[in-house]
Amino acid sequence: MFKAARLAKIKEVLLDRDQVDVSTLSALLNVSDVTIRSDLEELEKENFIVRTHGGAVLNEDYVKQKTFQDNLAGSRLEYNKYKEYVGQIAADMIEDYEWVFIGQGTTCYYIARALVNRPNINVVTNNLYVAGIMAQNLNSRVIVTGGDLSHNMMYLTGDLFMQAMGNIFFSKAFIGVGGVDFKSGFTVHDSSELYICNKVKGISKELIVAADYTKFNETSFMRIGPLNIVDAVITNENIPDEYKSYFFENGVKIFTSYKIKASSVRGDEQSC
Amino acid sequence: MLKVCDVCKSYGNADVLKNINIEFTSGEIHAILGGNGVGKSTLINIIAGIIRMNSGSIYLDGEKVEITSPYEAKKYGIAVCPQDILIFDELSIANNLFIGNETTYNHVILDREEMLKEAGTILKRLGINAEPQRNAAKLSLAEKYLIQFARILLSKPKIIMLDELTDSLTGSEKKIVYEILNEMKDKGVAIIYITHQINEALTIADKISVIKDGKIAETVNNREANLDTIAGYLLGEDVNIAFPKLPVTKREVLLEVDNISNLFLNSISFSLKRGEMIGIAGMVGSGRSSLLRAIIGLDKISEGEIRFFSERSTGKKSHRRRLFQNIGYIPENREDQGLFPKMSISKNIVIRNIRKVTRFHFISLNKEKMESRDMVDRLGIKISDINDRVFCLSGGNKQKIMVARCVFSNCSIYVFDEPTKGIDTAGKVEIYNIFNELLRKGAGIIVVSSDFAELEGMCDRILFIKKGRIVAECNSKDIGHQQIISVLGES
Numbered sequence: 057m058f059k060a061a062r063l064a065k066i067k068e069v070l071l072d073r074d075q076v077d078v079s080t081l082s083a084l085l086n087v088s089d090v091t092i093r094s095d096l097e098e099l100e101k102e103n104f105i106v107r108t109h110g111g112a113v114l115n116e117d118y119v120k121q122k123t124f125q126d127n128l129a130g131s132r133l134e135y136n137k138y139k140e141y142v143g144q145i146a147a148d149m150i151e152d153y154e155w156v157f158i159g160q161g162t163t164c165y166y167i168a169r170a171l172v173n174r175p176n177i178n179v180v181t182n183n184l185y186v187a188g189i190m191a192q193n194l195n196s197r198v199i200v201t202g203g204d205l206s207h208n209m210m211y212l213t214g215d216l217f218m219q220a221m222g223n224i225f226f227s228k229a230f231i232g233v234g235g236v237d238f239k240s241g242f243t244v245h246d247s248s249e250l251y252i253c254n255k256v257k258g259i260s261k262e263l264i265v266a267a268d269y270t271k272f273n274e275t276s277f278m279r280i281g282p283l284n285i286v287d288a289v290i291t292n293e294n295i296p297d298e299y300k301s302y303f304f305e306n307g308v309k310i311f312t313s314y315k316i317k318a319s320s321v322r323g324d325e326q327s328c
Numbered sequence: 294m295l296k297v298c299d300v301c302k303s304y305g306n307a308d309v310l311k312n313i314n315i316e317f318t319s320g321e322i323h324a325i326l327g328g329n330g331v332g333k334s335t336l337i338n339i340i341a342g343i344i345r346m347n348s349g350s351i352y353l354d355g356e357k358v359e360i361t362s363p364y365e366a367k368k369y370g371i372a373v374c375p376q377d378i379l380i381f382d383e384l385s386i387a388n389n390l391f392i393g394n395e396t397t398y399n400h401v402i403l404d405r406e407e408m409l410k411e412a413g414t415i416l417k418r419l420g421i422n423a424e425p426q427r428n429a430a431k432l433s434l435a436e437k438y439l440i441q442f443a444r445i446l447l448s449k450p451k452i453i454m455l456d457e458l459t460d461s462l463t464g465s466e467k468k469i470v471y472e473i474l475n476e477m478k479d480k481g482v483a484i485i486y487i488t489h490q491i492n493e494a495l496t497i498a499d500k501i502s503v504i505k506d507g508k509i510a511e512t513v514n515n516r517e518a519n520l521d522t523i524a525g526y527l528l529g530e531d532v533n534i535a536f537p538k539l540p541v542t543k544r545e546v547l548l549e550v551d552n553i554s555n556l557f558l559n560s561i562s563f564s565l566k567r568g569e570m571i572g573i574a575g576m577v578g579s580g581r582s583s584l585l586r587a588i589i590g591l592d593k594i595s596e597g598e599i600r601f602f603s604e605r606s607t608g609k610k611s612h613r614r615r616l617f618q619n620i621g622y623i624p625e626n627r628e629d630q631g632l633f634p635k636m637s638i639s640k641n642i643v644i645r646n647i648r649k650v651t652r653f654h655f656i657s658l659n660k661e662k663m664e665s666r667d668m669v670d671r672l673g674i675k676i677s678d679i680n681d682r683v684f685c686l687s688g689g690n691k692q693k694i695m696v697a698r699c700v701f702s703n704c705s706i707y708v709f710d711e712p713t714k715g716i717d718t719a720g721k722v723e724i725y726n727i728f729n730e731l732l733r734k735g736a737g738i739i740v741v742s743s744d745f746a747e748l749e750g751m752c753d754r755i756l757f758i759k760k761g762r763i764v765a766e767c768n769s770k771d772i773g774h775q776q777i778i779s780v781l782g783e784s
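The listed protein sequences correspond, in order, to chains H and L.
Using the working numbering, read the first sequence as starting at 57 and increasing by one per residue.
Using the working numbering, read the second sequence as starting at 294 and increasing by one per residue.
It is worth saying that the hints were derived from the structure and are not from the lab.
Note that beta-carbon positions come from the ideal geometry of N, C-alpha and C, so glycine has one too.
Each hint should be verified, as a subset may be incorrect.
[To be verified] Some chain H residues judged to face chain L by a derived CB distance under 10 Å, without partners named:
hint: 1; residue: E134
hint: 2; residue: N136
hint: 3; residue: K137
hint: 4; residue: I145
hint: 5; residue: P296
[What the hints assert, rightly or not] Derived DEER-like restraints, expressed as beta-carbon distance ranges:
hint: 6; chain 1: H; residue 1: E151; chain 2: L; residue 2: L520; range: 58 to 66 Å
hint: 7; chain 1: L; residue 1: R666; chain 2: H; residue 2: D89; range: 39 to 47 Å
hint: 8; chain 1: H; residue 1: D246; chain 2: L; residue 2: R648; range: 52 to 60 Å
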């Protein structure tokens, strides 16, 4: 077992039962006591635990604090590589100094993640995950709208949100949706999401839907509009072919992800 | 006089002609216009019995005829002057003229003197200054075309079909051809004139038909037509197609073409950056394919230089070799020039960089499979098994295999000739997004295409090539369809 995996496992055990001794861990992970001790030393440096004689105790204050931060920065969201691909393409569509809106949903969180190292980015968002991650980009301008918090999804909505949208315009707006289907069009989970989408649609030059492949042929609760209502769709390449040709022929730019390694197009590495 | 009804022709999945209905009248010059690859040549090759149609019928003077071979076509009085040169270099000019139509005594013995005499008259009429008994090899390209043209006149046909005859002719030579055509017309011959130059069609034709997407888009009388209306038919109504162009940041220069010239090219210079896509627009024979061939090293260049820059150019290997290793060429004719149709998918992918799957001088089949599976996954190629042969895949997937092969051998410059020809819509979308992906990861792309919308939609810059020269260059953002046609159309 590698060190990183071991550390993760130890953390898991500690979170579960607050304290643990070295011998239990070494038996569990099938490594020597010495290895476990060095691992625990590392975790202590991180402030995750306090070491005791023959074992370790969870540093509760620290862990609680960390949980708050993680919630805000979105690192507790489950990693999804398909959403990450979509986010990276979306980030490439954003040009320097243009004002963009990044809406609710985890796919939108990945757009922000791909923007962390880009300078000169201007973002308006109602998604607290996006705000949390954009906080790491010191060369960006970020405006967070006000509004009522949707607790499980961490986005803002309601009257205050509408007020914030009063006098502004975007060159591009990215929104996440719950379903994409020929029959039902684009659909979202609830009325407040629909509310946000409709408002943003009116004040942006390009409305762009970011949806990974799992959203296709699915129908959610409320309808934003037919499939040709948006200007562009970003998704993965494994969506059904009919969608690709439909979007292409109906004036919707369809972007799909591929996974070519950057190193393989660098050139001049052949050994023959 | 000649009526073509519901003619269809398809190659594999790609429909070239879809229910063509057209009628040709004697004593009329009927021009057929259309972009490259819309099926103009296919149509006349069907009438001439060179290609068999899938369905449909042909009526001659009201009677249904089956034309199954060029010989039969000739019996019906149909003569075709093809796009390629069919001249026997080692035979005399006179023999070339009379081949298949020899003057004889009693149908047995050749009347050489008579043929020489008549050939002399014909040469004079065509304005060619040469002795009829001379070898044809010494004729110029234009003169060869004229000889070919005169050859079909000797068979006294009722229907003449000319396929882009005047492309390589100069003004005075064209004038002679036009004069002769008008004479033939007055004698009651039906003339089918294929061209892609609108102006030419307007000059000589009585009727003009436009072929688009394998169908006759419109047939008009010359009197009612002008440049704009015809150009309109050629482009078709505005379909609301959205090309997924990603604005990728351009980085350092990758390739620099500096003043290269050879037989077909005339001091061409441009540079390609990482993340940039350059389109090359031009008609067939403008030198666009020659340019590609020069870039990838198939044709020699007599002057100028092609320079390649890379992040880690160590200078160890020879310059040219390094250059060509880094250029991935995806030809127009994938089946013949690119893929090995009867080999497995995995072999087709690794073949360009076989070293990568070789261990101790042996090809490791395991490694081959692993690496090619990885490429198939990365490029989303839809296959059932990695050991399947390539020929049973669709056009789009074949194209992706070509790209996979180049990605596998770490190419950084991709040269595409007609990348979406014969590929269905969904496949096109996939190819365009693969362009985006290659650009995002730092490759540079050069594309030659006859589909102007595609060039306009996907490229950052477009170079216009005519007679081996770059005649114009523009940002694809500031150009419309109409402009592309007009830049290429003016001669």
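Consistency of the hints with the structure:
1. E134: Interface hint status for E134 of chain H: violated (22 Å vs cutoff 10 Å).
2. N136: violated, 17 Å
3. K137: violated, 12 Å
4. I145: holds, 7 Å
5. P296: The hint holds - P296 of chain H has a Cβ within 10 Å of chain L, the shortest such distance being about 9 Å.
6. H:E151 with L:L520: 58 to 66 Å: violated, 38 Å
7. L:R666 with H:D89: 39 to 47 Å: Distance hint for R666 of chain L, D89 of chain H holds at roughly 42 Å.
8. H:D246 with L:R648: 52 to 60 Å: Hint holds: Cβ distance 57 Å, inside 52 to 60 Å.
Consistency note: the structure conflicts with the earlier hints numbered 1, 2, 3, 6.
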